[in-house]
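**Q** Chains as they are written, first to last, in our numbering: chain V, 1 to 391; chain G, 1 to 103; chain W, 1 to 164.
Everything labelled a hint here was simulated from the structure, so no lab data went into it.
Don't take every hint at face value.
[Unchecked claim] To give an idea of the chain W side of the interface with chain V (calculated C-beta under 10 Å), a few residues:
| hint | residue |
| --- | --- |
| 1 | H27 |
| 2 | A40 |
| 3 | G52 |
| 4 | L53 |
| 5 | V58 |
| 6 | G61 |
Heads up, the beta-carbon is just placed ideally off N, CA and C, and yes, glycines get one too.
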Amino acid sequence: MATTIDQVFVNLKLWAVGLFPAAWQPLVSALLSIIAIIGVFATLFAITTILERKGLGRIQNRYGPNRVGPCGILQPMADGIKAIIKEDVVPRSADKLVHFLAPVVLVAPVFLVYSVLPVGRNMTPLDLDAGVLFFFAIGATTELAVFMAGWASHNKYSLLGAMRAIAQMISYEVPLLLSTVPVIMAVGSLSTVRIVAAQTGYVGWLPRWFVFTPWGLAGFILFVIAATAESNRSPFDLPEGESEIIAGYFIEYSGFKFALFFLGEYLGLFAVSGLAITLFLGGWSAPLSFLTWIPSWVWFFAKLLAMIGAFIWVRGTVPRLRMDQLMNFAWKFMLPMALINILAVAVWRYLPAGFWRWPACAGVVWLPYLALGRGLAGSKRVTKRVYRYAA
Amino acid sequence: MIPLSHYLLVSALLFCIGLGGALTRRNAILVLIGIELMLNAANLNFLAFWRYGPRPEALTGMMFVIFSIGIAAAEAAVGLALIIAVYRHYRTTEVDKLDTLKG
Amino acid sequence: MQWAFNIVAVLTLLSAAAALSLRNLVHCALCLAGALGGLAVLFLQLNAQFVGLAQILVYVGAVAILVVFAILLTRGADFSKQPALSPSWVVGAGVAVLVLGSLVAAIRTMTATGVLPSAPPLVAVRDIGARLMAEYVLPLEVVGLLLTVALIGGVVIALQEKRR
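Using the sequences and the accompanying hints, generate a full structural model.
**A** This is how it looks when you write it as structure tokens:
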């Protein structure tokens, strides 16, 4: 029974593909995967917008949207209808073609990267031998879309936002890529399916997820920080800081194109969260050995929602960074730590399995972390903030 | 299947587009773009010969392309840094205006 | 497969030609990204998965962005009224056409047609990695050194004016 529910979508797809003549089957199979990806993740986008607005509202001591439908849960539909029926304004001085292409170039690759994420047992639309590389290669094209949007609008705020966004994305892409290298070294494969398979066993009750090793924990933290910056989420939301440059690179977009930018941003967030789950949190495997009866895809989406919840929480509580702090953090802290983490996994790999490789590997990560932290703090004295009020 | 000569023709055309651009345009950045295209045309040739060669399992052509991509990235970075440095000094990026030897 | 190859090849060549003939430099850079992406698809068609993806990551993700930054930093986007072509463009175009002619002639008289193995060679990323660490370890180190030198060199060159 448990396996039937676990494999229900796989069997459903097999049955549907079987209805077609053999020549059509590859095409039908691909189309079904595409429809499933678009349907599921667009729905998740709708759910996330309402979760985020409600959650942020609670953090900021207000209700959030509560007018449309019971408790406001139909708010995303209202937002969607509003976006579609709004007038699509294109500035007169804008570069019309590039202005039109930018949202398309932004959203299409984001949907593509989902094809290598294993969302459940046997549920990877495209099992590539170089899956992780595919993810990053396709993901890298969004930078160009951001530039196109910012430049084509012929607006100084949008150009400024685009330059900030590209500088930030390039800077954080380096630690993002490097923090995945330990996992690839430990598994010995770039295939996402194999990476998940390497984490499926249990030690007693506990799972063998990579996040529970010293290098895995460090890698996970680095990856999540870099992922937050890559998807322009708070506290790294300088490119679209509302109070500084209004909305950054998509300021001159309205109506459906604006909604596309919004969609692209959230889908990018889901995609990197999905990759973090695949690389460090065991993909679709259950967190405890006696919970394996729950279908694998439930676990993947539960983990994804937990990650999203954490991102919303961070957004509600952490203030925005300054540009120089952002760059210093990327190049002086994240990059060295990611490189040291690669060394740590080498130590882990070549020490014999047993108790001693735990403290050895933890030391390789922890001591440079302390040294870097102390060194970068330097002569700066961090003291308790003093508030001065007008008399 | 696609014959080898088709890949070679595409590569030759791409090389000549790159060459023509690098020789005729005045802007230094476009000259660099032309050079990049020529490098990539060569990469396409390497891969085509690798795929249609007698021993594809030796991976020689593919390795050449991997190293070529790495070197091209370094070349682009240094080349563009040079162009920016030149621009700061002469306030132009047009190659035929950079005709003085005195700094 | 033939039609897919034709479409990709024509698109790649067209955007390469556009990258070197348009007046607006930003459009040139965007077309360059298109051409390099098309080339990556051709690589993928040749069964070179790793190289094709690396091509997208390096060229579309990094080199195109670098070019765009350089264009904006040198004010190339507000293109002048001056001619885009150099005075001796006829010579340059002539050389390009000559090279094309000789290359095409060489390809047409080619006797080796190349034998396509019936089963495409399955190249695992693992094999590439193993080769890089065994036979090609010296070139790999040299490329690593070159990239480091390029990184430092780029920073030094771009910083130069600040000392005055």
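**Q** It remains to establish, for every hint, whether it holds in the given structure.
**A** To see whether the hints hold, each was checked on the structure:
With its C-beta approaching chain V no nearer than about 8 Å, H27 (chain W) sits inside the 10 Å limit, and its interface hint holds. For the restraint placing A40 (chain W) at the interface with chain V, the shortest Cβ-Cβ distance is roughly 8 Å, inside the 10 Å limit, so the hint holds. Contact between G52 (chain W) and chain V, as hinted, is supported at the beta carbon level, the nearest pair being about 8 Å apart and thus within 10 Å. This hint holds: L53 (chain W) has a C-beta 4 Å from the nearest C-beta of chain V, less than the 10 Å allowed.
With 10 Å as the threshold, the beta carbon of V58 (chain W) comes within range of chain V, its nearest partner Cβ sitting at about 9 Å, so the hint holds. Satisfaction of the interface hint for G61 (chain W) is found here, the shortest Cβ-Cβ separation to chain V being roughly 3 Å, below the 10 Å cut-off.
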